[in-house]
Amino acid sequence: MCPVWREIVFWLCAAGAVASGIVVFRVDSMARATFALLASFLFGAGTILLVELTYLGILVVLMMIMEMVIMVVFMVMYMMNPAGLMPMSMLHNQKGSLAIAGGTFAVLAAGVYLVDWPTSRAPRPEQPVYSLGEALMGSKMLVMIVLGLALFATIVATVVLATHRGRYDRYGDRLDRDRPDDPVRGGVGR
Amino acid sequence: MSLQDYLLLAAALFSVGLFGALSQQSIVMIMMGLELMINAVLVGSAAFWYFAAPDRPDGQVVVVLAVTAMAIEMAVGFAVTTAVFRARDVDMTDMAADLRG
Amino acid sequence: MDVTDLTALLLRRIPVRPLVVTVPGGTGARLRVERLIRTRGWYPAASPAEANLLVVAGPATGEPADAVEHVWEQLPAPRARAAVLDPGHADGELAAAEATLRDAFRQRRPAPDSVHGGAEPEMAGRGEDRDGLTLDQLHVPLGPVLPGWPAGLVVRTVLQGDVLQEAEVDTPGLAEAGGRTWWWGEGPGPPGRRRAARHLDTAATLLSIAGDDRAAVAARRLRDGVLTGLAAAEVARPLHQWARRVRRSPLLRWSLAGVGAVPADAAPPPELAGDALARLRRHATAAEAALDRFDQDVPLPDWAEQAQWTVEALPWLLRGSELALARLTVASLDPDLEALAAREVAGA
Amino acid sequence: MPEPGPWWSALLLPAVVAVFAAGACSLDAALRARTAGAPGPAAAALLPVRSAAGLLVQQRRRTPAADTLLWRTAGVALLAAGVLASLVTPLGRWSVGDLSVGIVWFNAMEIVAWGAVWLAGWGANSMFGLVAGYRFVAQGLAYELPHMFALTSAAIGAGSLRVADVVAAQRDLWFVVWMPVAFVVFLLTVLAMAFRPPFDQPTGQDVAGGVLAELSGVDRLVFLAGRWVLLVSGAGMAVALFLGAGGGPLLPGWLWSVLKTAAVLAVLVWAGHRLPAVRMERFAEVAWLVLIPATLLQALFVSILVL
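Chains as they are written, first to last, in UniProt numbering: chain A, 1 to 190; chain B, 1 to 101; chain C, 1 to 348; chain D, 1 to 307.
Just so you know, these hints were derived from the structure itself, not from any lab.
Mixed in with the good hints, there may be bad ones.
Stretch by stretch, here's where chain D covers chain C in the computed footprint (C-beta under 8 angstroms, at least three residues) [to be verified]:
hint, region
1, 48-59
2, 154-165
3, 206-220
4, 250-260
Ideal placement from N, C-alpha and C gives every residue a C-beta, glycine not left out.
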């Protein structure tokens with residue numbers, strides 16, 4: 001892609017990402033808020049694709065759609081306004097938050113233009129995903145092991161937190177029930 | 001399209017997310033703010049990789065870490081919300097704090 | 001060619017998607033209409049949005065008439081409607097309605113208000129549920145117009161997510177049916193055939209709700225064959241084939257086992273005991289058994305009694321089940337409310 | 001060895017996909033007509049075209065308090081994603097865009113269906129639609145991991161995420177021969193992803209058509225087309241990943257691709273016609289307890305062979 005086009009696409013994506021990020025906190029429907037957040041991520045993924053990180057850009061698209069769809073289920077479940085029927089304002093301390101956020105942006109933006117960022121003349125790898133793979137999996141697989149453990153711990157922790165039925169509820173106090181006592185029957189072994 | 005442009009975008013996303021995380025009452029809406037801030041991390045670290053250190057994979061690893069962190073944040077966040085909701089029937093941070101003790 | 005010509009051209013070729021609404025007293029009309037729809041190569045619609053032809057089977061007066069009007073409002077243009085009171089007139093009514101549907105001039109009326117009165121759920125408060133979460137509740141009536149739903153039945157539910165927390169049964173429009181009962185009384189032909197056809201009809205409904213279209217259509221074809229007077233020898237082979245497939249299908253067993261199970265201490269009529277799978281298999285076997293006595297004057301089961309038990313049992317049977325399971329449960333019990341009304345008229 | 005086609009192949013892609021979709025739809029209609037004893041298969045073959053015409057002249061519905069923006073977006077997203085998923089699928093020697101991470105791209109585009117179907121159910125503000133939308137999310141959670149591991153097996157077998165490399169790796173032996181579990185699971189999950197029968201609970205009769213319950217007119221047309229296109233994309237990718245793409249004797253590569261895709265599509269449609277619906281709560285447990293371990297073992301087996 002020629003540089004002019006890349007420039008245009010970048011600024012479109014940037015404007016889209018920030019605009020839909022703002023929309024998240026301005027709409028009065030849970031579904032719209034969640035999908036606005038998704039739009040922000042998709043625009044963000046667009047900028048990642050522009051810096052030739054194809055794998056990571058598409059990974060972000062894939063992960064974020066899944067996460068947002070799961071998110072919207074919980075949103076609709078727990079928010080008082082599931083159908084978006086009534087306008088709502090969930091804000092508190094709006095002015096203070098706005099001031100803090102504005103101040104943060106001013107400081108960060110000043111930093112962006114004042115700091116002398118390093119640049120590199122090093123050649124870009126043909127396939128960045130290979131170097132990523134080696135970083136994750138190479139040299140004793142440290143990163144991957146840590147990530148895997150963290151995710152495994154998350155699975156255990158979330159199930160413990162979220163469920164209110166344990167195996168004694170399902171299989172009886174002596175764990176001697178053949179078929180678990182669930183509200184809905186599963187599909188294995190019946 | 002330069003590193004500064006990308007970092008400016010990241011700063012804007014981060015600030016919007018910060019505003020959301022500070023101003024919202026509902027736990028799930030606060031999580032949305034946090035996710036926007038992580039989005040800023042994604043954009044920023046991708047740009048750092050491309051402009052500052054393309055020969056080393058660290059920027060990419062940070063992106064992977066951020067995506068994982070987001071998944072963990074969401075899973076734990078909703079599990080906590082479910083537990084709090086079940087125990088106290090609230091999904092607002094203020095209420096959760098008020099009802100303490 | 002301008003746009004209206006093009007529309008006229010397309011209208012002549014569009015497929016007809018009928019939505020059949022049966023009101024109490026309309027079973028005979030429904031059976032004839034379903035057969036005609038099938039042999040004409042039309043496919044029935046699952047919802048008003050999909051349909052372009054509304055077929056009302058039976059005498060729609062009083063409360064059922066309001067329900068029919070509500071459905072009619074939801075049909076998008078181009079659309080037409082047919083009212084079939086007498087099975088003998090079904091062919092003519094359908095042909096006339098199709099002609100109306102394909103007539104560009106008559107379809108060019110000003111479009112009705114474009115917001116269609118859908119079933120907007122009414123929000124209620126919140127309540128306990130089986131997962132220990134206190135979530136929002138919706139008040140949703142199931143019926144009287146739903147695909148594969150017994151005519152004249154309304155179940156008023158309180159839904160949390162798709163779990164029925166409460167269910168109340170209502171039977172509007174039975175009085176208007178005037179005690180007409182097709183299966184039990186006024187249907188033509190010997191009772192042996194009617195009995196077999198009713199077993200096949202119930203099985204077909206249950207199979208279509210369970211998502212086995214092929215077996216459902218096969219059952220309807222057999223039913224129509226039985227009612228149009230095919231010899232028992234002609235029906236036997238396809239009937240045995242169908243029954244064997246229904247009994248043996250592992251996927252059907254998988255999705256129906258344990259659905260709508262009636263505990264023995266609820267003293268159900270023997271035909272309704274067990275779960276949806278047991279009832280389906282019983283229907284298949286009963287239809288086969290009826291083969292030998294097709295043209296004899298066999299006694300008919302007490303469908304009024306079964307319907308009475310079902311209407312009384314549905315509230316507790318459906319409580320706490322998911323929407324899909326509730327639909328399967330109702331379809332497997334398939335109460336013949338016409339028979340119930342006829343018994344009340346006779347008793348009064 | 002597939003290579004990127006000329007620029008105009010991008011314009012050709014929607015047309016090719018549409019022809020396959022129409023063919024699959026005709027086959028489905030013909031099978032249904034035969035079961036129903038309705039007028040012959042010839043009439044059924046034209047039914048998709050006539051249905052499309054019928055939906056074009058039909059009024060678009062609006063329901064009270066619908067989220068029209070999100071509702072209308074759903075169909076467009078589904079259709080667009082279905083077509084884009086085929087972007088990396090080779091037809092003989094050519095593919096429109098041979099991305100270095102084509103397999104991930106394909107999966108990402110399929111995932112769009114999650115959002116689209118949920119939105120279609122939610123947007124109409126009708127109870128049946130919403131229930132069906134949630135059903136699809138549950139189904140998605142069940143099929144996505146086995147689907148991913150099936151894709152992963154093919155990627156490991158070729159040592160690359162590029163579809164062209166996977167095709168090249170099958171020059172001597174099709175992947176279906178030594179990863180049959182992955183192939184079967186892939187086909188199952190493609191059916192589930194396109195919510196075609198037997199995984200059509202999100203559009204079931206028991207919820208009056210489910211996510212389709214309130215759709216009419218051009219909105220319905222776009223959504224239904226999106227569903228068929230998704231199935232076509234899945235069949236095309238199954239051919240590229242497991243059946244050697246355009247490889248075969250005598251005939252030119254593109255013709256082999258067409259024939260194989262048509263065959264896979266026909267099998268999928270036929271299976272959907274033969275089998276009763278699979279209910280979500282049953283499938284979810286099977287997916288997690290049977291399909292995921294099976295595909296993981298398949299991936300392990302492939303990895304060991306490759307090493």
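Hint by hint, here is what the structure shows:
1. 48-59: Result for this restraint: holds, n = 3.
2. 154-165: holds (count 3)
3. 206-220: holds (count 11)
4. 250-260: Held - the region 250-260 of chain C has 4 residues with a Cβ nearer than 8 angstroms to chain D, which meets the minimum of three.
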